[in-house]
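Student: If you want the building blocks of each chain, they are given just below.
4 protein chains.
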Amino acid sequence: MDGRKISMLGTGLIGDFYTMTLHGQRSRDRVGVVYSRSEERGRAFAERWGIPRTTTSMEEAINDPETDVVVIGLPNFLHEEAIAMVAEAGKAMLCTKPLARNAEEAKRILDTVESAGIFGGYLEDLCYTPKTLKAIQAVAGGAIGDVTWVRSRETHPGPHSAWFWDKDKAGGGAIVDLGCHCIEIIRNFVGKGNRPLDVMAWADTLVHPIKAEDNAVVLIRFESGAIGQFEVSWTFRGGMDLRDEVAGTEGTIWLNHFLRTGYEMYSSGGGKGYVAEKLESTEGWLFPVGDEVVELGYVDMFSDMFEALDAGREPMETIYDGYVVNAIMDAAYRSADSRRWEPVDVEWRGGPTERISKDVARHDGHAIVKEEVLPDGRRKLILSDKDSGSVFDIVTDE
Amino acid sequence: MDGRKISMLGTGLIGDFYTMTLHGQRSRDRVGVVYSRSEERGRAFAERWGIPRTTTSMEEAINDPETDVVVIGLPNFLHEEAIAMVAEAGKAMLCTKPLARNAEEAKRILDTVESAGIFGGYLEDLCYTPKTLKAIQAVAGGAIGDVTWVRSRETHPGPHSAWFWDKDKAGGGAIVDLGCHCIEIIRNFVGKGNRPLDVMAWADTLVHPIKAEDNAVVLIRFESGAIGQFEVSWTFRGGMDLRDEVAGTEGTIWLNHFLRTGYEMYSSGGGKGYVAEKLESTEGWLFPVGDEVVELGYVDMFSDMFEALDAGREPMETIYDGYVVNAIMDAAYRSADSRRWEPVDVEWRGGPTERISKDVARHDGHAIVKEEVLPDGRRKLILSDKDSGSVFDIVTDE
Amino acid sequence: MDGRKISMLGTGLIGDFYTMTLHGQRSRDRVGVVYSRSEERGRAFAERWGIPRTTTSMEEAINDPETDVVVIGLPNFLHEEAIAMVAEAGKAMLCTKPLARNAEEAKRILDTVESAGIFGGYLEDLCYTPKTLKAIQAVAGGAIGDVTWVRSRETHPGPHSAWFWDKDKAGGGAIVDLGCHCIEIIRNFVGKGNRPLDVMAWADTLVHPIKAEDNAVVLIRFESGAIGQFEVSWTFRGGMDLRDEVAGTEGTIWLNHFLRTGYEMYSSGGGKGYVAEKLESTEGWLFPVGDEVVELGYVDMFSDMFEALDAGREPMETIYDGYVVNAIMDAAYRSADSRRWEPVDVEWRGGPTERISKDVARHDGHAIVKEEVLPDGRRKLILSDKDSGSVFDIVTDE
Amino acid sequence: MDGRKISMLGTGLIGDFYTMTLHGQRSRDRVGVVYSRSEERGRAFAERWGIPRTTTSMEEAINDPETDVVVIGLPNFLHEEAIAMVAEAGKAMLCTKPLARNAEEAKRILDTVESAGIFGGYLEDLCYTPKTLKAIQAVAGGAIGDVTWVRSRETHPGPHSAWFWDKDKAGGGAIVDLGCHCIEIIRNFVGKGNRPLDVMAWADTLVHPIKAEDNAVVLIRFESGAIGQFEVSWTFRGGMDLRDEVAGTEGTIWLNHFLRTGYEMYSSGGGKGYVAEKLESTEGWLFPVGDEVVELGYVDMFSDMFEALDAGREPMETIYDGYVVNAIMDAAYRSADSRRWEPVDVEWRGGPTERISKDVARHDGHAIVKEEVLPDGRRKLILSDKDSGSVFDIVTDE
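Chains as they are written, first to last, in my numbering: chain F, 1 to 398; chain X, 1 to 398; chain U, 1 to 398; chain R, 1 to 398.
Since the hints were made in silico from the structure, they are not lab data.
The model shown is predicted, which means the values in this text are computed figures rather than measured ones.
Please note that the accuracy of each hint is not assured.
Each computed DSS-like pair below joins lysine-lysine, with the alpha-carbon atoms no more than 30 Å apart [to be verified]:
#, chain 1, residue 1, chain 2, residue 2
1, U, Lys169, U, Lys192
2, X, Lys386, U, Lys211
3, U, Lys211, U, Lys167
4, U, Lys169, X, Lys358
5, F, Lys380, R, Lys167
6, U, Lys167, X, Lys358
7, F, Lys107, F, Lys169
8, U, Lys380, X, Lys211
9, U, Lys386, X, Lys380
10, F, Lys167, R, Lys380
11, R, Lys169, R, Lys192
12, R, Lys386, F, Lys167
13, F, Lys169, F, Lys211
14, F, Lys386, R, Lys211
15, R, Lys192, R, Lys167
16, F, Lys380, R, Lys107
17, R, Lys386, R, Lys358
18, X, Lys167, X, Lys192
19, U, Lys169, X, Lys380
20, X, Lys169, U, Lys380
21, U, Lys107, U, Lys192
22, X, Lys211, U, Lys386
23, F, Lys358, R, Lys211
24, X, Lys386, U, Lys167
25, F, Lys211, R, Lys358
26, X, Lys167, U, Lys358
27, F, Lys169, R, Lys380
28, R, Lys386, F, Lys169
29, X, Lys386, X, Lys358
30, F, Lys386, R, Lys167
31, R, Lys192, F, Lys386
32, U, Lys169, X, Lys386
33, X, Lys358, U, Lys358
34, R, Lys358, F, Lys169
35, F, Lys5, F, Lys107
Sequences are here, hints too, so could you generate the full structure?
Tutor: Written out as structure tokens, the structure is:
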């Protein structure tokens with residue numbers, strides 16, 4: 001029943017979310033030391049969350065003798081360096097999303113982790129929202145048949161820290177920041193063993209004075225024939241829009257993670273002192289969520305990571321998954337440039353996946369396209385001619 | 001950072017929910033022993049949840065030397081006896097809702113707990129849903145001004161265990177089973193210090209072959225002038241409908257805890273093997289929730305209880321609150337019989353509450369009922385004559 | 001294929017809505033003359049809607065030789081006088097809601113109309129919304145079994161004209177203004193032949209400086225055992241909240257007529273010149289409706305009225321219905337004073353209605369309260385003992 | 001106030017919808033003659049709608065001396081021939097969507113109509129839904145700033161008539177059947193004068209045994225930089241999913257036309273005799289719409305067409321618009337084959353459109369990417385370096 005001792009690297013917004021989760025409810029895990037480049041930010045963070053020690057040396061934080069697990073909540077361009085140090089120290093490592101700025105960097109990280117033989121987890125929180133977990137399970141259980149299409153949408157008015165907006169430090173713009181979530185959500189729904197074949201992307205910088213894209217729409221074609229589609233934006237107005245939709249041969253799933261979750265509030269603004277979090281306004285109709293760290297998946301994510309570590313198994317989201325995500329994003333950027341479908345260049349560890357197929361019923365040898373029962377009880381059959389493929393209908397008493 | 005050791009009394013549905021929560025995520029608390037009248041059910045429960053010991057002696061479970069906290073998940077008619085035993089043992093006690101079958105019984109329980117000086121908590125989970133907690137905080141922060149009206153609705157097709165349906169064992173029907181939740185939700189929104197003055201209730205047995213009511217609508221009038229309204233039913237079709245609405249002088253809050261929370265699924269029923277929980281069907285449009293023990297408040301409820309115990313403070317929901325709830329339900333049953341408003345007979349510990357009031361603006365001494373700006377920029381004032389009270393309007397350039 | 005020629009009495013908001021509807025789309029009916037006390041308002045109205053003639057004499061408008069149908073859109077206290085004049089003229093008459101300020105006045109109106117033998121229609125638009133019409137039909141078709149409970153809610157921040165706020169001119173406050181809609185919606189769902197027996201009401205003036213009630217909650221008990229419940233308010237914040245809910249032994253219906261109908265818009269307020277109608281704001285999240293005169297029932301209402309007139313049949317909403325509504329509102333006001341259920345004093349023209357009943361299945365003579373299938377395939381029966389009424393369960397292989 | 005006399009060509013589902021609308025409510029227009037290839041279907045249709053005459057000669061129907069307006073509700077492959085005949089007869093012509101099977105055919109139709117100088121209207125109903133009309137007006141009024149992205153989704157389980165499924169007769173599959181709606185909805189939101197530059201499409205036949213595509217996702221790039229995105233499917237489960245989303249620099253619009261419009265019903269299936277229309281089931285949770293011909297735009301569409309004809313102006317949806325839609329669909333099919341963006345080949349009649357732009361605020365010459373107010377009142381500025389484009393932040397007191 002012992003908990004884990006954690007070193008937290010980074011004191012940005014994601015560090016706050018992670019630590020709020022790790023120290024939340026009746027948790028037995030605790031952050032023992034926090035690293036920040038800035039002594040001031042480190043101290044403020046430690047006070048905020050009741051963390052005993054703080055340091056401005058990443059090495060010291062990683063090698064803290066009490067530490068079991070290092071959580072990396074640093075900007076993208078610092079992941080590789082930090083992970084190398086954790087591998088060296090031989091400790092368990094959990095890295096925030098995206099894993100890297102591109103697939104090449106991601107592949108080196110994967111190799112480092114696997115060579116060192118350390119436990120690695122990819123902190124892709126949005127695959128762990130309670131709704132997503134339950135929906136993935138429903139899909140796996142056959143509730144909607146074969147998945148044909150997944151839409152994942154993640155948009156808001158733009159991130160809080162400067163480095164996100166800097167293409168060199170982040171590796172890209174809205175695709176790298178938000179699309180990484182969407183890709184992994186899509187992969188969980190179509191099946192992680194379903195190979196992503198190629199990618200078609202539109203990306204543009206429509207509003208903000210930056211070099212990176214602030215809007216993108218991307219399609220991913222999988223081996224089964226299923227299509228993944230994601231929309232990301234740093235120019236959305238109205239809050240944070242996180243929605244997923246899944247279509248299958250036998251059903252449909254719609255998930256809404258933020259703006260319409262059953263909490264609706266109108267405030268005239270006349271009541272003093274109240275500040276709603278993360279909403280564009282404190283007046284008018286507002287749509288808060290219940291417990292944000294639950295709804296965004298942080299709680300289930302860390303539970304899975306630590307249970308996996310305790311049990312000696314792989315977590316649901318692995319470092320390899322993070323590498324696949326980077327490979328898909330690389331293809332998206334290539335496609336946005338070349339204006340054509342681009343193959344996903346990845347060392348694929350899964351096997352092959354069969355094409356979606358529905359058993360075709362036949363009538364006199366012709367494939368039945370559709371069948372309807374008429375008011376008088378007879379059946380109308382829409383048939384595809386076995387020879388010509390032309391479509392016609394008949395009415396039958398059978 | 002030590003966790004709590006718990007004795008669980010009862011192995012029904014509520015015992016499952018409680019233990020799922022207590023052992024959930026990375027919790028440091030654990031159930032050490034479970035009591036059931038039936039050896040078979042006790043053993044199955046212990047296996048299901050990894051509980052080391054099981055017993056058919058309530059006394060043994062309560063007096064287990066490792067136990068800090070006794071959680072009572074027994075039928076209503078057994079609460080008083082069990083609580084007396086826990087008080088005798090001098091241990092912390094958490095009792096499921098409702099506290100008792102009526103206010104007299106509840107008052108004896110309250111006296112027992114207070115005489116013994118033990119920690120007592122009232123396990124009213126639905127006041128602890130993350131949405132409810134955040135909404136209570138928003139109301140307290142003034143986001144919707146003074147509360148004028150609260151609606152709490154809790155309906156489903158009826159409970160699973162026989163004793164619920166038996167008026168003598170349960171103390172009543174749908175009001176006792178479901179109304180107890182609604183009352184406490186309403187009290188949290190209008191303010192717990194806001195005295196419930198009187199109650200008007202309609203109750204009837206419309207569908208099921210039982211003596212207890214299977215449908216009821218109840219109004220509660222509070223000292224501030226605010227009205228609470230609750231609707232309970234054991235005959236609802238379509239799942240479990242848990243909704244709260246709050247109106248205030250400056251705003252509105254709508255909470256939906258179950259059927260419309262951002263997870264919507266259609267299944268043709270063609271996919272094999274999938275079983276959706278607690279829904280009336282596994283076909284057609286289905287509305288699951290994310291993490292049920294979070295959404296229904298169990299997680300935050302136990303956190304508050306244990307944090308209160310650790311800190312030596314009172315929990316948000318106390319044994320006194322449970323007694324107030326029973327007093328209001330007693331008034332509801334009296335009103336359903338007498339067909340008139342019935343006073344709430346309770347030993348009130350709160351102070352007085354002022355009447356809801358809005359500052360009235362005046363024009364030439366007449367109260368302004370409404371003010372509108374006309375297209376040409378002039379103002380139209382609807383005024384209440386200071387002498388006669390008759391209402392008229394003027395248009396003014398001021 | 002000839003249209004009707006209409007005299008419109010009154011140029012307030014309701015006159016606008018009526019005329020917008022009558023002249024809307026490809027309608028063949030036309031308003032030929034409009035009456036207003038004020039020459040200026042009459043002229044502006046006539047220009048707005050392309051009406052050829054205007055007059056300040058009600059008599060002249062009614063007796064216009066080209067007029068078939070007189071539509072009364074006047075304040076409540078003027079209905080009786082106007083209707084008497086129309087009856088005298090022997091023309092068809094359509095009167096806005098509520099029919100009168102109280103049942104006595106309504107009864108006199110009913111007698112006047114019936115003695116004169118003229119066609120009379122009660123312009124209760126909200127019973128005619130396309131959603132309501134379809135839902136009434138679904139209920140009549142058995143889609144939700146026997147109706148057990150209806151909730152109708154109509155709330156907004158208060159009316160635009162002074163006379164609404166004046167108890168003497170209007171006959172009351174929010175109950176008379178809004179409750180009249182709710183009552184008729186409820187009656188259509190429980191069945192118009194289902195006699196309203198008695199009424200329980202809470203009413204209070206919580207916010208506005210007026211003598212009339214600005215908030216009320218009212219219960220209506222029908223002969224079948226079904227309960228109607230309505231909530232009205234002139235202090236709601238956030239727009240206009242029009243919702244109905246119907247529970248039946250076999251199903252549930254939820255209707256939302258205004259704030260959540262599938263049109264959701266966020267505006268930063270940065271775009272110039274746009275004015276959203278009837279919303280509290282033009283910024284933040286806004287919830288317009290599509291075509292307001294359709295969604296609020298005006299279109300189907302006038303179609304039914306004119307088709308009924310053409311066909312020589314009664315419209316769906318009759319003058320008698322208007323009288324029943326007033327009788328129920330009278331009982332509500334009496335109950336708000338007496339604080340007990342008050343009988344509905346009405347000359348009932350319907351017959352008796354049987355009590356809601358579900359066939360009770362039995363096992364060994366005991367009534368089956370509930371039946372569940374266990375995972376091992378056996379059935380669990382919750383039974384009500386045929387002698388004692390106590391409830392117990394058994395598990396059976398049958 | 002005279003109505004129009006109409007010849008209806010075709011007696012399929014669309015003919016029913018059109019005639020239901022034309023004869024609906026208090027309309028002054030009437031269908032005088034209906035043409036069907038089949039005498040039996042023609043007679044049944046005429047009886048259903050009270051149409052005086054029926055014929056199996058298209059020529060006779062068109063040249064009926066009483067007819068003002070010919071409405072074409074025929075399969076796609078018959079449009080050109082029928083329109084040529086109407087042009088010859090010199091009558092007003094309204095043609096169902098899509099205008100033609102491809103842009104070449106559409107261009108010939110456009111030329112025919114313009115040479116003959118007859119009135120032509122393109123019956124694109126979904127641009128005329130009351131919600132869409134109001135939203136287009138809101139966008140035009142600046143409520144959401146510059147449009148950056150539009151999503152239009154139209155999916156259901158597949159059409160009822162055989163010819164839809166036949167690529168040769170229809171001109172394609174789900175893109176031609178459903179995408180034509182989406183394209184015109186998108187064009188109305190981004191502005192009809194905003195030139196569609198190129199198109200990227202994915203299309204596949206995933207489920208049905210046909211040659212045409214049953215699923216597609218298509219992107220359209222406009223001259224302003226705005227992107228249109230549509231999703232069409234004949235394999236959707238759960239009813240008919242019609243949703244549009246619009247993002248702008250100052251706001252957001254979400255429209256839902258069918259499955260979530262404020263009418264929600266659960267039916268156990270226990271009530272006899274009830275048949276819900278167009279839903280996959282009559283049990284479980286069902287989501288009807290209010291008045292289908294209103295909600296789907298038919299009413300406002302025909303009003304606009306006839307008002308335009310009466311007034312001698314162009315309708316909102318013209319034959320030229322129908323041709324543009326075909327040109328965009330042609331590009332989509334080319335792209336689905338070539339797997340790259342394909343230019344839209346169209347004779348463009350609009351002018352140029354400026355690129356979306358937001359004024360960039362500056363600080364010390366650096367562009368301000370984002371500005372936030374810190375808790376201590378100071379401002380945090382995220383800036384893009386004027387020389388290097390790298391992004392950094394500063395905190396300022398100014």
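Student: Are the hints correct? Go through all of them and say.
Tutor: Evaluation of the provided hints:
The straight-line distance between the Cα atoms of U:Lys169 and U:Lys192 is roughly 29 Å, inside the 30 Å bound, and the hint therefore holds. Between the alpha carbons of X:Lys386 and U:Lys211 the distance comes to roughly 12 Å, so the proposed pair stays at or under 30 Å and holds. The hinted pair formed by U:Lys211 and U:Lys167 meets the criterion: a straight-line CA distance of about 7 Å does not exceed 30 Å. About 25 Å separates the Cα atoms of U:Lys169 and X:Lys358, which keeps this hinted pair within 30 Å; it holds.
As the CA atoms of F:Lys380 and R:Lys167 are separated by approximately 20 Å, the hinted pair is consistent with the 30 Å bound. Using a Cα cut-off of 30 Å, the hinted pair U:Lys167 and X:Lys358 holds, with the two alpha carbons roughly 21 Å apart. With a C-alpha separation of about 18 Å, the suggested pair F:Lys107 and F:Lys169 falls inside the 30 Å cut-off, and the hint holds. Between U:Lys380 and X:Lys211 the alpha-carbon distance is near 21 Å, which keeps this suggested pair within the 30 Å criterion.
Distance restraint check for U:Lys386 and X:Lys380: the Cα-Cα separation of roughly 69 Å exceeds the 30 Å cut-off, and the hinted pair is therefore not satisfied. Note on F:Lys167 and R:Lys380: the hinted pairing holds, with a Cα-Cα distance of about 20 Å set against a maximum of 30 Å. Distance check on the hinted pair: R:Lys169 and R:Lys192 sit about 29 Å apart at the alpha-carbon level, within 30 Å; holds. Straight-line distance between C-alpha atoms of R:Lys386 and F:Lys167 comes to about 15 Å, which keeps the hinted pair within the 30 Å bound.
Only pairs whose Cα atoms come within 30 Å are accepted, and F:Lys169 paired with F:Lys211 is accepted, the gap being roughly 12 Å. For a cut-off of 30 Å, the pair hint linking F:Lys386 to R:Lys211 stands: about 12 Å separates their Cα positions. Of the supplied pair hints, the one linking R:Lys192 and R:Lys167 holds, its CA atoms being roughly 29 Å apart against a limit of 30 Å. At roughly 36 Å between alpha-carbon atoms, F:Lys380 and R:Lys107 are farther apart than 30 Å, so this suggested pair is violated.
Pair hint R:Lys386 plus R:Lys358 holds up; C-alpha atoms about 17 Å apart against a cutoff of 30 Å. The straight-line distance between the Cα atoms of X:Lys167 and X:Lys192 is roughly 29 Å, inside the 30 Å bound, and the hint therefore holds. For the suggested pair U:Lys169 and X:Lys380, the alpha carbons sit about 20 Å apart, so the restraint of at most 30 Å is met. For the hint pairing X:Lys169 with U:Lys380, the CA-to-CA distance comes to about 20 Å; that is within 30 Å, so the pair holds.
For the hint pairing U:Lys107 with U:Lys192, the CA-to-CA distance comes to about 18 Å; that is within 30 Å, so the pair holds. Simply put, X:Lys211 and U:Lys386 have alpha-carbon atoms about 12 Å apart, close enough for the 30 Å limit, and the pair holds. Pair hint F:Lys358 plus R:Lys211 holds up; C-alpha atoms about 15 Å apart against a cutoff of 30 Å. A C-alpha spacing of about 15 Å is found between X:Lys386 and U:Lys167, which places the hinted pair at or below 30 Å, so the restraint holds.
A distance of roughly 15 Å separates the Cα atoms of F:Lys211 and R:Lys358; the hinted pair therefore holds under the 30 Å criterion. This hinted pair checks out: X:Lys167 and U:Lys358 have alpha carbons roughly 21 Å apart, not beyond 30 Å. Using a Cα cut-off of 30 Å, the hinted pair F:Lys169 and R:Lys380 holds, with the two alpha carbons roughly 20 Å apart. Annotation: proposed proximity of R:Lys386 to F:Lys169 holds, straight-line Cα distance about 17 Å (limit 30 Å).
At most 30 Å may separate the alpha-carbon atoms for a hinted pair to count; X:Lys386 and X:Lys358 meet this at roughly 17 Å. Using a Cα cut-off of 30 Å, the hinted pair F:Lys386 and R:Lys167 holds, with the two alpha carbons roughly 15 Å apart. Restraint check for R:Lys192 and F:Lys386: not satisfied, since their Cα atoms lie roughly 43 Å apart, outside the 30 Å limit. Restraint check for U:Lys169 and X:Lys386: satisfied, since their Cα atoms lie roughly 17 Å apart, inside the 30 Å limit.
With a C-alpha separation of about 49 Å, the suggested pair X:Lys358 and U:Lys358 falls outside the 30 Å cut-off, and the hint is violated. A C-alpha spacing of about 25 Å is found between R:Lys358 and F:Lys169, which places the hinted pair at or below 30 Å, so the restraint holds. For the given pair, F:Lys5 sits about 28 Å from F:Lys107 by alpha-carbon distance, which is consistent with the 30 Å threshold.
In summary, the numbered hints that this structure violates are 9, 16, 31 and 33.
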